[in-house]
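Colleague: Note that the protein sequences, when read in sequence, are chains Y and C. Start counting the first sequence at 5; every next residue gets the next number (the working numbering). Start counting the second sequence at 256; every next residue gets the next number (the working numbering).
Read the hints as simulated data drawn from the structure, not as lab findings. Here a beta-carbon is modelled for each residue, glycine too, at the ideal position from N, C-alpha and C. You may find that some hints are simply not true.
Listing some non-contacts, in silico: residues in chain C with all C-beta distances to chain Y over 10 Å [what the hints assert, rightly or not]:
no.	residue
1	T265
2	F275
3	L279
4	L289
5	V295
6	V333
Under the rule of at most 20 Å between Cα atoms (straight-line distance), these lysine to aspartate or glutamate pairs were calculated in the EDC-like manner [stated by the list, open to error]:
no.	chain 1	residue 1	chain 2	residue 2
7	Y	K38	C	E264
8	Y	K131	Y	D121
9	Y	K38	Y	E109
10	C	K348	Y	D41
11	Y	K71	C	D291
Residue-level listing of the chains:
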Amino acid sequence: MTLPFFPIWLVDVVGSIMMTILSFLCLGVVFELKRSDQYNVILTYLLWLCFGLAAFAISRSLGHILKYQFLFSGREIIWDSIRPFSGAINTLTFVFVASVTLFFEHIWKIHQQVLKDKQDLQSAHKKLFYSESESRRSYSQADRIIGCF
Amino acid sequence: MRDKKLVKETGWRFIQYLVFFLILWNIDAFLVHLLDDQLVVVQVLQIDSSHIQLSADNGSNSLETLFYCAKLDHLFCVPALLFLYSGLRRLLKASHSEVTRPENQRNG
Chain Y
5 MTLPFFPIWL VDVVGSIMMT ILSFLCLGVV FELKRSDQYN VILTYLLWLC FGLAAFAISR
65 SLGHILKYQF LFSGREIIWD SIRPFSGAIN TLTFVFVASV TLFFEHIWKI HQQVLKDKQD
125 LQSAHKKLFY SESESRRSYS QADRIIGCF
Chain C
256 MRDKKLVKET GWRFIQYLVF FLILWNIDAF LVHLLDDQLV VVQVLQIDSS HIQLSADNGS
316 NSLETLFYCA KLDHLFCVPA LLFLYSGLRR LLKASHSEVT RPENQRNG
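Make the full structure from the sequences, and use the hints.
Modeller: The structure is reproduced here in structure tokens:
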């Protein structure tokens with residue numbers, strides 16, 4: 005089956021350029037988000053996710069654009085030797101994105117547990133403070149009563 | 256995200272769409288690599304600068320068409336990143352409105 009090559013080339017080249025631009029725009033927005041709330045775990049995750057996606061977009065875009073450069077200039081042999089490395093870098097960046105996601109799933113659980121413990125501690129502190137002031141009040145009342153006798 | 260009820264916010268819902276498109280892109284990329292590199296059931300021959308010839312081992316036209324469509328994988332990953340960008344923009348907008356809300360309440 006003979007098919008036009010132009011759609012594949014167009015989608016590949018325009019898509020690669022758009023991916024690179026969008027990944028950097030995402031990084032810009034996530035940096036701004038992180039500046040507004042530095043210790044937010046979810047935002048840290050989004051920052052790392054965007055780093056991974058930007059690395060993926062750059063390596064993949066470079067790979068695809070270089071591919072057409074070599075194919076159209078008749079230097080397929082060079083592309084054949086670069087191809088495995090380009091593919092390996094792409095796969096590694098995606099493994100990084102997946103690892104970050106799995107890692108932050110656990111960090112999120114730990115973070116939630118720490119927040120729950122903090123709330124428990126605060127409520128225990130409140131109860132202790134209340135019972136301490138109650139016992140002080142009772143002691144002073146008892147002192148006054150004893151003083152009357 | 257559903258567990259944490261994050262998808263109720265538009266920003267996080269858009270990030271959920273990112274994940275959906277990335278899943279589709281992964282399936283697509285897997286299919287292309289499987290047909291092209293692993294099973295080698297579709298051969299691609301560059302006839303000239305504007306045409307390619309696809310030939311499936313079993314001569315199936317549908318397999319060749321599927322391979323041709325699957326080669327257009329940026330149609331999945333560009334929308335994915337667009338959703339991520341829109342989602343992040345909405346989260347930023349929401350965080351700005353959260354910061355300014357108490358001031359407005361004090362002034363109002």
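Colleague: Run the structure past the numbered hints and jot down the numbers of the failing ones, going up.
Modeller: Violated hint (a single one): 6; every other hint is consistent with the structure.
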